[in-house]
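Participant: Produce the entire structure from the sequences given, and follow the hints as far as they go.
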Amino acid sequence: MSNEHAAGHAHPEPHLPHGSWWPFFLAIAMSLVFLGVVMGPVVLIPGALILAVVLVGWWMEDFRWWKTNTGTGPGMARAGTLLFISSEVFIFGALFSTYFTFQRLADHWPDADVHFPIATVAFFTLVLFSSSYTIHQAEKRLKQGDRSGFNKWWGLTILLGTIFLGGQIYEYVVLISEGHVLGSSQFMTTFYMLTGTHGLHVAGGLVYLIVVWIRSLKGQFDEHRHAGPETAAMYWHFVDLVWVFVFSVLYLIPAYVLH
Amino acid sequence: MTAAAEFVMKEGHDKPRGLRRWLTTTDHKEIGLMYLWAGFIFFILGGISALIIRMELWLPGATVTDGEAFNEFFSLHGTTMVFLWIMPALAGFGNYFVPVMIKAKDMAFPRINALSFWLIPPAGILLWIPMVLKGVSAVNVTWVGYAPLSTTFDNIGLDMWLISLLLLGVASTLGSINFLVTIFKMRGPGVHLHNMPLFAWAQLATSILLVFSLPVVTVAFIMLLFDRNFGTHFFTGPGSDPILYQHLFWFFGHPEVYVLILPVMGILNEVIPKFSRRPIFGYKSMAYAMLGIAIVGFLVWAHHMFTTGIDPRIRAVFMFNTMLVGVPTGIKVFNWLATVWGGKIYFDAPMKHSLGFIWLFVIGGITGVMLGSIPVDYALHDSYFVVAHFHYTMVGGAVFGIFAGLYYWYPFLFGHRMYNEKLADWQFWLMFVGFNLTFFPQFLMGLRGMARRVYDYPEEFTLLNQISTVGAFMIAVAVAVFMLNVAISHFSDRRVYADPWGGARHAEWQLWEEGRVVHGEGLIVDHEPTPLADQYRLEKEASA
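Going down the list, the sequences are from chains A and B. Quick note on numbering: the first sequence equals residues 1 to 259 in this note's numbering. Quick note on numbering: the second sequence equals residues 1 to 544 in this note's numbering.
Some hints could be false.
[Stated by the list, open to error] According to the in silico footprint, chain A covers these stretches of chain B (three or more CB under 8 Å from chain A): (1) 153 to 161; (2) 203 to 217.
[Unchecked claim] Examples of chain B residues toward chain A, derived with CB under 10 Å: (3) W118; (4) L166; (5) I177; (6) T182; (7) F184; (8) M186; (9) H192; (10) H194; (11) F230; (12) G343.
Read the hints as simulated data drawn from the structure, not as lab findings. Keep in mind the model is a prediction, meaning the values are calculated, not measured. Yeah, the Cβ is synthetic: ideal placement off N, Cα and C, and Gly gets one too.
Facilitator: See the structure below:
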């Protein structure tokens, strides 16, 4: 209780939330989406729609709670994000283990008929890496109290992330049109699992970046209260870092070392 | 104003009532209670399937069910007991008591805490609903779901099982992150890592295990789902590796069994000193032994796979690591005994269950070390010896510990009511004797070669199987006695507002007596309560 006086009036003691419908509905929405993956669009589409509504509801509650200073205090989100990221490391660890296991078992690795356009992928890689720079600039601006600078750099980050994701989708379209689908070979399976998992992380990250952006455009976050943008940036850097490994293992090593 | 009157007044505070209160609550105590209730419902379901299994095994051959249904019942039994009974029940205790013990006003992420709980009912429904759907069979590939068996059946019930496990995985990952952040960042005045109750340490070690092991099995389950539905060949087909599934599964699966036991050890760390009237022996060694179990727990998974033909050098390393887990576990057992030694022992129900735990868990643990030895494992793999071993740890250990916790914190969990000691006595002895009758014969059957997971067996095992079945029904009666006890206490007028156990008042009891532990209200601690060590000193001086 005493340490918040020491910290000045930047962080007045927040008060606890009292009740929310969203956890209950989010659980239902998640169950429908997961089930929809195997049951097909009849379950998936309504599930995804409910999920979208619930997430908007959840974030609007965040928006209100920011104004009324409801929650458990800053610092929680930072620690939680760090732990979440370290848990995610093991997801990618398991996927890479699978990749290397299959590589060890295979006679030819990668498939002889798969040729990635390294230059194009390198361009999109550069785009993603620069988004790490822009998000860092945005964060720096916010901590200096420059909210409009934050909004510009943050918007630029969203743009760069979207370009990267677009590049990924374009690459998938080309590969599928060439007949390289998920089940074509062990290499393609692990390729799609790794890039797909990474792509989902980029997509999820983008959604959260947009949520932060909208909240910021509506006047939230400043040099004292910036847990939202800060955790979003931490997560975004992590997603970028994972791409270093994905790009090296899936593109560079097969193209320049194994061939 | 007395604590009691204050409690009644706060309860009437403008909170939503009825169903809405429970559906929208973000209070860690109310969520903890919901975990416990949900867990208990699944305990009954898992117990019923266990009874069906035991009835089928009363006589050799297909009698009560056939082989197909038998596979479903024991797969459901395993999945339910592990993921929907023991884990939620322990998460319930953790949710309720960790924030109180460390004097945090709530969990770090109250809404995510509620989300973790609310994922459990849909997961349970997905697991069990195939039993009532026509033409769909429930999970029938054991709780581990090894490929290629699990990729062979074209049965939507299996996909629902996988989705159920994925949902529970998300729930536990979020829950563990929540616990870790709570323990590291939310501790109240005067609470440090090295003086917080050992129950919180247990939850800390458990959460570390879950945060790093669940993502791996999540990947394995998703790959299995893809193999079953989207034409991939992760675990069957050319260039695939069925052993990879086992590695990924047991990288989680073995830490998981420590996830089921560590919080229970945490409960014992609270109960044993309280009922021996002595402070816990070796606080730091207890805390770090739990951390040690968690860390070494990550390095033993391949002892489940000794018979798969993996590299003998790898096997030797995993055998060594497996034996190593015995060290921190032994430290804990000896510390408990040293706590009891020379103490003034009170044999109330929580203490009976705790001492029962030590007795049974040591049998389970030592047979575990036996199985961890490669040659013994070769002989006993997939026999009833293994079944007996892990039931001694999971039932003799985890479930006895859960009952110890339920009795110890009864007035918290059941609205200031108190259980009937005589009925609790009946429950304990029925369960203790019934448990040993059920599972000790399984050691003998396993040593003589009876295979697990089969509905049929040679005639010579009939008597031992029948003893085992009788024991199983005794456990069922014990559970019924417990439920009767809860029902009777619910309708009795007796209320307790003070620590019923006497002796040193541990943090949660002290705050509870002060009327600060109020459902739906955050905990506010504006003073530094008496440190536990001082309480034991004062008590000793008073009794001297």
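Participant: Out of the numbered hints, which ones does the structure contradict?
Facilitator: 9, 10, 12
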